[in-house]
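So the protein lines, in turn, are chains A and B.
FYI, the UniProt record's numbering numbers position 198 of the first sequence as 198, with every residue one higher than the one before it.
FYI, the UniProt record's numbering numbers position 257 of the second sequence as 257, with every residue one higher than the one before it.
Worth flagging that the hints you see were computed from the coordinates, not collected in a lab.
Possibly wrong hints are sitting among the right ones.
[To be verified] Now the stretches of chain A that chain B is said to cover, found in silico as 3 or more residues with beta-carbon under 8 Å: (1) 82-96; (2) 141-151.
[Unchecked claim] Calculated cross-link-like contacts (lysine to aspartate or glutamate; reagent style DMTMM-like; alpha-carbon spacing at most 20 Å): (3) B:K231 / A:E227; (4) A:K231 / B:D152; (5) B:K41 / B:D77; (6) B:K231 / A:D237; (7) A:K231 / B:D237; (8) A:K231 / B:E227; (9) B:K231 / A:D152.
[Stated by the list, open to error] Where chain A lies over chain B, by a calculated footprint (3+ residues, C-beta under 8 Å): (10) 60-71; (11) 144-156; (12) 197-209; (13) 220-227.
Positions of the beta carbon are idealized from the N, C-alpha and C atoms, including for glycine.
Protein chains: 2
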Amino acid sequence: MCEKSSVSPSSVPVVAVVLAAGFGTRFDPDNPKQLVSVGGKEIVVWSIEAFEKNPRVTDIIVVVNAQVGDEVERLIDANGFGKVRAVIPGGAERSDSTQNALQMLADAGIPGEAKVLIHDAVRPFVEQHSINGCIDALDEFEAATVAVASTDTVLLTEDLGDRKVIRTVPDRPNTFRAQTPQAFRFATIRKAYAQADSDPDFHPTDDTRVVVDYLPDTPVAIVAGTETNLKITTLADIPVAENIAETISGPRTREEAKVRMHAVFADAFKQMRR
Amino acid sequence: MCEKSSVSPSSVPVVAVVLAAGFGTRFDPDNPKQLVSVGGKEIVVWSIEAFEKNPRVTDIIVVVNAQVGDEVERLIDANGFGKVRAVIPGGAERSDSTQNALQMLADAGIPGEAKVLIHDAVRPFVEQHSINGCIDALDEFEAATVAVASTDTVLLTEDLGDRKVIRTVPDRPNTFRAQTPQAFRFATIRKAYAQADSDPDFHPTDDTRVVVDYLPDTPVAIVAGTETNLKITTLADIPVAENIAETISGPRTREEAKVRMHAVFADAFKQMRR
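Isolated chain A (complex conformation):
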């Protein structure tokens, strides 16, 4: 899959893995969030397009579930996403989906020094500077993750009887909220997952954490994200996403914008009243 992909002969493959296999239980189960349109474009299309249009990304793998697979394949064709090498099935948990993609890349024979960027499809507005930041960080680090500084004071708690009590309050400049992509040299993320697999108690919810916990000597760099790189989790996120899409796409006519805003916020209000 990679022979035709290198930007220059000396560069390594840069593979984006777009995870679109979630079932979105906090969203509407009959209306998969990956396929919802914001700003006139399906969420999964926004996400794939972000990597498709980055000239440094050489290959894209999309991971799907049975509910959305056919439609995602159709959308990839319809949008002419030429870097998508495979659409593969995910697993029960997020980490199973990541591991399916990593196994597929291993079977395809990609080198250990390849750069792999793992991205949640439901973060449609990832900025090009964050993608580039990941690719650059991997020149210096084996692992990196996009994150934003926390504007709230974070409290770390522990259980005291049936109550949570504060254990520590970390300094705010050292508290970040993880986003995606999360980026790794291929050999590093494979090794981290191999170690995690031998631990029956480990159920990773995050790829970065697998490296932090199982390769503790491997520093993971922070790459600047943006507040607009939000994760669409519930229906209440859709009006926010519409606002961001509008800002990115530029102003429509006054009349179009008005009509759209009405529809969007009417829906949002309906949700809030439920």
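Fit chain B to the given chain A structure using the hints.
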């Protein structure tokens, strides 16, 4: 100030300190955020009212700056907030404002076992169950804070050269975002600030942190907050606040709601385009 305030003879005073002395540098400097109307009511009025209408709160102190002081006094009179015992000037930093209020309470002779709830005026939508949760928690603990569970994975970082790298990834169920009120037995918060004062390097941004850092053997309980208890920091928060105000106040007529939404979102869009 407290002789007439106890709900029952055996109960201790429950004093709310509403901090409205911030200058809101990330907001509009000429338009103090405490005085902005959302849902037809000034933000500081929402905040004071939350404590005024709680039957267990006996006294309220409001801390102001010179820019907003006269208008806050006028609003307190206009709204007939009978529990407000004093409107006092704040200081340069948030902790100076807290300490001014604590000194005023000490001068008034309130007992060490009094319950003091310190609240940011720019969190207008604090829920009654959170206020009650603080008051109840202080029966069992010397300190408590309202907080919400973090929905994002939190990363704790350290500096490596000019980069931030991840130090640890705490378990998500033990990560919370601090809100207010933050609640203390009066003697406890006084003692914590007395200790902090003797440390020239300490510039607390948060009252809870003063207890966590200077009275490390004093557990601080977590009291359930809500996502709607947001802190209004930038102009972009205003449309979100309007939505919450609308939900709390109940539906207006269809026409009123339409007109208002237009105005709010038109403003929000203007801000986003700047």
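We went through each hint and held it up to the structure:
1. Restraint check on the stretch 82-96 of chain A versus chain B: 0 residues with Cβ-Cβ distances below 8 Å, three needed, restraint violated.
2. Chain B is given as covering the stretch 141-151 of chain A, and this holds because 5 residues of the stretch bring a CB closer than 8 Å to a CB of that chain, at least three being needed.
3. Taking the CA atoms of K231 of chain B and E227 of chain A, the gap is near 16 Å; set against the 20 Å cutoff, the hint holds.
4. For the suggested pair K231 of chain A and D152 of chain B, the alpha carbons sit about 9 Å apart, so the restraint of at most 20 Å is met.
5. For the suggested pair K41 of chain B and D77 of chain B, the alpha carbons sit about 14 Å apart, so the restraint of at most 20 Å is met.
6. For the suggested pair K231 of chain B and D237 of chain A, the alpha carbons sit about 18 Å apart, so the restraint of at most 20 Å is met.
7. This hinted pair checks out: K231 of chain A and D237 of chain B have alpha carbons roughly 18 Å apart, not beyond 20 Å.
8. A C-alpha spacing of about 16 Å is found between K231 of chain A and E227 of chain B, which places the hinted pair at or below 20 Å, so the restraint holds.
9. Between K231 of chain B and D152 of chain A the CA atoms are separated by roughly 9 Å; this keeps the pair inside 20 Å, and the hint holds.
10. For the stretch 60-71 of chain B, the stated coverage by chain A is not satisfied: 0 residues place a CB nearer than 8 Å to a CB of that chain, which falls below the threshold of 3.
11. Coverage of a stretch by a chain is defined here by at least three residues with a beta carbon nearer than 8 Å to that chain's beta carbons; for the stretch 144-156 of chain B and chain A the count is 9, and the condition holds.
12. A stretch counts as covered by a chain when three or more of its residues have a beta carbon under 8 Å from one of that chain; for the stretch 197-209 of chain B and chain A the count is 4, and the coverage holds.
13. Proximity of the stretch 220-227 of chain B to chain A, defined as three or more residues with a beta carbon under 8 Å from a beta carbon of that chain, is established by the 3 residues found.
Hints 1, 10 from the list above are not met by this structure, while the remaining hints are.
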